[in-house]
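Undergrad: As given, the protein sequences belong to chains H and V, one line each in that order. First residue of the first sequence? That's 1 in the UniProt record's numbering, and the numbers climb one at a time after it. First residue of the second sequence? That's 1 in the UniProt record's numbering, and the numbers climb one at a time after it.
Rather than coming from a laboratory, the hints here were simulated on the basis of the structure. From the three backbone atoms N, C-alpha and C, an ideal C-beta is built for every residue, glycine too. Watch out, some of these pointers could steer you wrong.
[Said to hold, decoys possible] Beta-carbon label-pair distances, calculated as ranges:
1) Arg87(H) - Asp69(V): 37 to 47 Å
2) Lys3(H) - Pro414(V): 51 to 61 Å
3) His357(V) - Val246(H): 27 to 37 Å
4) Ser279(H) - Gln368(V): 33 to 43 Å
5) Pro414(V) - Thr275(H): 33 to 43 Å
6) Gly50(H) - Gly171(V): 46 to 56 Å
[To be verified] Pairs of lysine-lysine residues, derived as DSSO-like cross-links and limited to a Cα-Cα distance of at most 30 Å, are as follows:
7) Lys242(H) - Lys154(V)
8) Lys283(H) - Lys182(V)
9) Lys291(H) - Lys182(V)
10) Lys182(V) - Lys154(H)
11) Lys195(V) - Lys393(V)
12) Lys283(H) - Lys242(V)
13) Lys182(H) - Lys283(V)
14) Lys109(V) - Lys25(V)
15) Lys195(H) - Lys154(V)
16) Lys242(H) - Lys242(V)
17) Lys154(H) - Lys308(H)
18) Lys195(V) - Lys283(H)
19) Lys154(H) - Lys195(V)
20) Lys154(H) - Lys411(V)
21) Lys182(V) - Lys242(H)
22) Lys283(V) - Lys195(H)
23) Lys154(V) - Lys182(H)
24) Lys283(V) - Lys112(V)
25) Lys242(V) - Lys182(H)
26) Lys283(V) - Lys242(H)
27) Lys112(V) - Lys382(V)
28) Lys80(H) - Lys154(H)
29) Lys283(H) - Lys25(H)
30) Lys382(V) - Lys393(V)
31) Lys182(H) - Lys312(V)
32) Lys291(V) - Lys112(V)
Protein chains: 2
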Amino acid sequence: MNKSWIAVAAESDFPIQNIPFGIVKNGNGWYAASRIGEYAINLAILQEKGYLKGLSLPDGIFERQYLNDFIALGKPVTNKVRERIQRIFEEESKDGLRGNTVHRNKIMKDVKNVTMSLPVQIGDYTDFYSSEQHAFNVGCMFRDPDNALMPNWKHLPVGYHGRSSSIVISGTDFHRPKGQQKPNANEPPVFGPCKLLDFELEMGFIIGKGTELGDAITTTNASDHIFGLCVFNDWSARDLQKWEYVPLGPFLAKNFASHLSPWIVTLEALEPFKTSGPSQDPKVLPYLEYKGDHHYDIELEVAIETEKGESKTVSQSNFKYMYWNMVQQLAHHTVNGCNVRPGDMMASGTISGPESHQYGSMLEIAWQGTKPVQMPDGTERKFIQDGDTVVMKGFGTKDGVRIGFGEVRAKVLPST
Amino acid sequence: MNKSWIAVAAESDFPIQNIPFGIVKNGNGWYAASRIGEYAINLAILQEKGYLKGLSLPDGIFERQYLNDFIALGKPVTNKVRERIQRIFEEESKDGLRGNTVHRNKIMKDVKNVTMSLPVQIGDYTDFYSSEQHAFNVGCMFRDPDNALMPNWKHLPVGYHGRSSSIVISGTDFHRPKGQQKPNANEPPVFGPCKLLDFELEMGFIIGKGTELGDAITTTNASDHIFGLCVFNDWSARDLQKWEYVPLGPFLAKNFASHLSPWIVTLEALEPFKTSGPSQDPKVLPYLEYKGDHHYDIELEVAIETEKGESKTVSQSNFKYMYWNMVQQLAHHTVNGCNVRPGDMMASGTISGPESHQYGSMLEIAWQGTKPVQMPDGTERKFIQDGDTVVMKGFGTKDGVRIGFGEVRAKVLPST
């Protein structure tokens, strides 16, 4: 299985080796889809026409608003569906779709003509803080370089609960948030539009099979519960954050909008990009120890597009720059018995690499406004301006095969 | 409308003036119910038999697992349903149910014979920190009495996002959580069962009508979005909390289990208990100003029951001991455009009154273990032990009418 009978450009994120899952909005309804090259594949019709027989799929599983019921079936089912889709579309396929123009026209749609919708109903969203360089950078700015990391940081993957209601699909414009800020230490707080609007470059992983309250997931079986990943922009209002976050953490600074890429790339598709993580010193507690590689070499980039369409790449990072990996995060999250549900999302936290061009937020890139970014139109950016569109992309490449996430794109409109 | 033709004991929380809403588990299905005295009222059959005609209710709205679709209809509909139920069951009712034994037997069930289920699917759960005495007590213990409140505390209702997956119905036993603790400052953290397990006495309010991303709810229209309230036990593992919570807030210390009372008492039912709040100094920003009374005089109590059934009341607090009220909390939560959805829950934070017998957590009641509580069996409690059941109750009384929440009850089992 190397090539599809659907033409796929060399720079495409979606060769037959990928087979991601998403949801297409279809009039008043929805259908689940996969993607090869520039085609969205309607899985509801693929099932209806009999191409997915023998896979233990409930009728209508692909005609729902979200993928939750499908991914809850667990890897033994979802992996077989992904493999069947690969078999149907591979160059030498004997499944018959290639030669059936009527079926092909119903099942394959040009992605330019489909509207993607949020792929899962996210029950709970957790954000970690697992990139050492990011935590160090923030610690340097807000505390001091000698004590940049908090004492707990290397003992546990620090995380906090975020808001799921305001997680939206790529392409959803949003208004600059308003809120309390305290620009002057000796004066009362003021209210108004956020002045320090920032992106955060993150990867999010989606829970497939859930657990019951009281169950703990281990680093060994964590992969059974991770359905797949997306690129995630966790917008942050730095001025709101600074004033509100002590002692209980970020709240209004983070819950006004977060953007998710539309295609969930399965953990299995990312297998070729597994790589080793950093050595962890001090030694972690036994429940956080893991075997094998659970970091992923996935290139990430962030661009700012101005209203006139001029674009500047402001960050080139990589998902491998994580101190804590996903299996550690999930083991930690559930070690107290906290249950997870299909569709829950957990995000990495801002992913910053060791070099300054690899930082994952404007706070770090422009270092609190002291190193503004020069834009192609001659303007500069310390944070994100009204009218700017932030575009994030992610992909891995190995042995000539590129597997990616497409993009997550969001435009900032002025405050209302 | 003063009395029901159903007998209601004087000490009942559920006279005809209450008419709360809940969900009953019924074999493999569910139905929505209200309650008068010791009877659960099956709203699905009440509708099916034609008693709720003319109220614009979709067919089958009361046969779902959760109340979300019903409460999403908004106050103009849900208030009329509540009023119709009152009319059907009032002493002088002409609706005919009283005389129809066949219908009565289908619709009215002894609460001893029904199993309550979580009333709403909670999308997002937010916990505030709005009792001044509680914030002050915690500040005294962890910082110092001269700077007990953080600088932001009187300018905004401090809150943070919690976990909704682990919110369970009253009566759900749970195991003592395990996690990292750092008992000795100069030694590495250790892993094991939580040693400092605590309750937090809270009230939770449930969102009815939702909003779109970008919309802000004001203090003036907040009541349109608050469907009703429950008593809420926000269990906390103090040793886990201390080690993990800086800088991003509570996480595993709070998300292992939280218990909700089964009956949602509507905001309208609590109207008689409205009372004024404290004067707020410093003056709040305009979006937090409010008109009228939005605090509620609701008596709250917490008891610890030992395995042998001996009970000790350890706290007698009141919902009126809030600095920030619900309309301020909701206005703050959405002022940045954060959307809310039907079924979202927001909780008060621990409600501590000014006197030590009014404190809402063991941390405060036993003052970090320095003032242990004496139990009837001669043992003492600094925190909650395995085998203990914590029972919380809430009710208001005015003009001879008592309206209450029943109880929220949870037993702690040993760590697995």
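Undergrad: For every hint, state whether the structure bears it out.
TA: Cross-check of the supplied hints:
no. : hint                              : result
1   : Arg87(H) - Asp69(V): 37 to 47 Å   : 40 Å, holds
2   : Lys3(H) - Pro414(V): 51 to 61 Å   : 57 Å, holds
3   : His357(V) - Val246(H): 27 to 37 Å : 30 Å, holds
4   : Ser279(H) - Gln368(V): 33 to 43 Å : 38 Å, holds
5   : Pro414(V) - Thr275(H): 33 to 43 Å : 41 Å, holds
6   : Gly50(H) - Gly171(V): 46 to 56 Å  : 47 Å, holds
7   : Lys242(H) - Lys154(V)             : 16 Å, holds
8   : Lys283(H) - Lys182(V)             : 15 Å, holds
9   : Lys291(H) - Lys182(V)             : 26 Å, holds
10  : Lys182(V) - Lys154(H)             : 13 Å, holds
11  : Lys195(V) - Lys393(V)             : 26 Å, holds
12  : Lys283(H) - Lys242(V)             : 21 Å, holds
13  : Lys182(H) - Lys283(V)             : 15 Å, holds
14  : Lys109(V) - Lys25(V)              : 12 Å, holds
15  : Lys195(H) - Lys154(V)             : 23 Å, holds
16  : Lys242(H) - Lys242(V)             : 21 Å, holds
17  : Lys154(H) - Lys308(H)             : 44 Å, violated
18  : Lys195(V) - Lys283(H)             : 24 Å, holds
19  : Lys154(H) - Lys195(V)             : 23 Å, holds
20  : Lys154(H) - Lys411(V)             : 34 Å, violated
21  : Lys182(V) - Lys242(H)             : 27 Å, holds
22  : Lys283(V) - Lys195(H)             : 24 Å, holds
23  : Lys154(V) - Lys182(H)             : 13 Å, holds
24  : Lys283(V) - Lys112(V)             : 50 Å, violated
25  : Lys242(V) - Lys182(H)             : 27 Å, holds
26  : Lys283(V) - Lys242(H)             : 21 Å, holds
27  : Lys112(V) - Lys382(V)             : 34 Å, violated
28  : Lys80(H) - Lys154(H)              : 38 Å, violated
29  : Lys283(H) - Lys25(H)              : 48 Å, violated
30  : Lys382(V) - Lys393(V)             : 21 Å, holds
31  : Lys182(H) - Lys312(V)             : 46 Å, violated
32  : Lys291(V) - Lys112(V)             : 42 Å, violated
Violation of the numbered hints given earlier is confined to hints 17, 20, 24, 27, 28, 29, 31, 32; the remaining hints are satisfied by the structure.
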